[in-house]
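J.: Using the hints, position chains B and C against chain A.
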Amino acid sequence: METISTKEPDLDKAGFRLLTLDNPVFCCYLFWTSILILKMLMMSILTAMQRIGTKTFANPEDLKMRTTDEVKFNDPNVERVRRAHRNDMENILPLLIMTLIYIATGPNATLARILFRIAAVSRIVHTLVYAFRPVPQPTRAITFFTTFFITAYMAFYVSIRTITYI
Amino acid sequence: METISTKEPDLDKAGFRLLTLDNPVFCCYLFWTSILILKMLMMSILTAMQRIGTKTFANPEDLKMRTTDEVKFNDPNVERVRRAHRNDMENILPLLIMTLIYIATGPNATLARILFRIAAVSRIVHTLVYAFRPVPQPTRAITFFTTFFITAYMAFYVSIRTITYI
Amino acid sequence: METISTKEPDLDKAGFRLLTLDNPVFCCYLFWTSILILKMLMMSILTAMQRIGTKTFANPEDLKMRTTDEVKFNDPNVERVRRAHRNDMENILPLLIMTLIYIATGPNATLARILFRIAAVSRIVHTLVYAFRPVPQPTRAITFFTTFFITAYMAFYVSIRTITYI
Numbered sequence: 001m002e003t004i005s006t007k008e009p010d011l012d013k014a015g016f017r018l019l020t021l022d023n024p025v026f027c028c029y030l031f032w033t034s035i036l037i038l039k040m041l042m043m044s045i046l047t048a049m050q051r052i053g054t055k056t057f058a059n060p061e062d063l064k065m066r067t068t069d070e071v072k073f074n075d076p077n078v079e080r081v082r083r084a085h086r087n088d089m090e091n092i093l094p095l096l097i098m099t100l101i102y103i104a105t106g107p108n109a110t111l112a113r114i115l116f117r118i119a120a121v122s123r124i125v126h127t128l129v130y131a132f133r134p135v136p137q138p139t140r141a142i143t144f145f146t147t148f149f150i151t152a153y154m155a156f157y158v159s160i161r162t163i164t165y166i
Numbered sequence: 001m002e003t004i005s006t007k008e009p010d011l012d013k014a015g016f017r018l019l020t021l022d023n024p025v026f027c028c029y030l031f032w033t034s035i036l037i038l039k040m041l042m043m044s045i046l047t048a049m050q051r052i053g054t055k056t057f058a059n060p061e062d063l064k065m066r067t068t069d070e071v072k073f074n075d076p077n078v079e080r081v082r083r084a085h086r087n088d089m090e091n092i093l094p095l096l097i098m099t100l101i102y103i104a105t106g107p108n109a110t111l112a113r114i115l116f117r118i119a120a121v122s123r124i125v126h127t128l129v130y131a132f133r134p135v136p137q138p139t140r141a142i143t144f145f146t147t148f149f150i151t152a153y154m155a156f157y158v159s160i161r162t163i164t165y166i
Numbered sequence: 001m002e003t004i005s006t007k008e009p010d011l012d013k014a015g016f017r018l019l020t021l022d023n024p025v026f027c028c029y030l031f032w033t034s035i036l037i038l039k040m041l042m043m044s045i046l047t048a049m050q051r052i053g054t055k056t057f058a059n060p061e062d063l064k065m066r067t068t069d070e071v072k073f074n075d076p077n078v079e080r081v082r083r084a085h086r087n088d089m090e091n092i093l094p095l096l097i098m099t100l101i102y103i104a105t106g107p108n109a110t111l112a113r114i115l116f117r118i119a120a121v122s123r124i125v126h127t128l129v130y131a132f133r134p135v136p137q138p139t140r141a142i143t144f145f146t147t148f149f150i151t152a153y154m155a156f157y158v159s160i161r162t163i164t165y166i
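These protein sequence lines are chains A, B and C, in that order.
Note that the numbering used here has the first sequence beginning at 1, numbered continuously upward.
Note that the numbering used here has the second sequence beginning at 1, numbered continuously upward.
Note that the numbering used here has the third sequence beginning at 1, numbered continuously upward.
FYI, nobody ran anything at the bench for these hints, they're computed from the structure.
For identical chains, the list gives no copy identity; a pair is met inside one copy or between any two copies.
Pairs of lysine-lysine residues, derived as DSBU-like cross-links and limited to a Cα-Cα distance of at most 35 Å, are as follows: (1) Lys39 x Lys55; (2) Lys55 x Lys72; (3) Lys72 x Lys39.
Model, not experiment: these values are computed from the prediction.
Next up, chain A with everything else stripped away, as it sits in the complex:
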């Protein structure tokens, strides 16, 4: 008589479950990715608030019913938020793609979760000290490089594991 095993398969071997809710690492990724995307969306609102507060509108059609009638560029408060937003695109979007494929390779679950949590929190602090309340360096540099090196570590890890597919 045949016996059909009902034992849960090993997650590290069952690659097709890595990007599902069955994988706690992926669930952790889902949570922090959602938070980081909400944070990025907030940057648009912050830019709009700075534009309205400083009357700095880049498009003629945005001037209607405003108390100003000229397009304006290079307001330092607007530009600071825009630099912070651009920095997010340069770093958060690669982090999100890199972490997704890092998880798809079935890394150590504890390490993967710790790394992504640290990377996510660092980017939130980066925004606070860049766009909300500038503080002396090297605070911003530290938060920047924390996420930077975590993304780089994941990229090294994945590229070395898959180097034979070059």
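T.: This is chains B and C only, laid out in the frame that chain A set:
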């Protein structure tokens, strides 16, 4: 005698099929993501056309065989297209990543498809009224916030479902 | 008596294995995506080096302990690297998302690998001739359009395959 069920498993429970062609929601995502990426690629062509039309080249090596011999910045037509392109990066890329992981959580299939279709069409209209033919506000603002709130909704939904993995 | 087949399922039909290490196309994607993300991270370092070399700092808090006491913009060397970095965001990030979902549709494995390798190498050459050592056009234009048309091909392929889900 054992019976092996041949019934199709419930898609909401079979997480490993959510990111495959078996899932109609994912197929809808595949279609509109491809369209949005083609739309983003078009922005580069549009920028190049504006640069050639207004003779606004940012790099000395781009001047060869042109009817101009000076690099130039800040042409309003070029800058308008570049702002629209940047706005795409700020909003479409987070939308695509957010929707992908939203689908991986197995949401209501009808709702997911309606939301993504509206978000995608809004971004196409956003480009038309920003880069092609500027129209009075709040047209552009409405298209912007439609996609904005759909992305935010997905992020809230996913983060609340996975909050225990914080 | 029942026979349970132990034959490996056909990869093209077993969609749930397409985004796992079982799929050589996905392994190839993992390798080159990691390389491209490392390349993008390098652009931040290159920008920082140019900022320090030319004393061009955009934020007052970055001036501490530098040999300059004024924020500065528009240094041509810094701006060249920033344009190259922005060009990466405009093209590499859509390429990575597009290729991921292209692979999820189970395309011809040989073609998919060749296309992604060419697209990845083109972007590396693009950076070399844009940010490191400018060379006469159309070198940069050729590298740009190589990746551009590969991304567009994938988008056409996927959108046509899924057009019934519009």
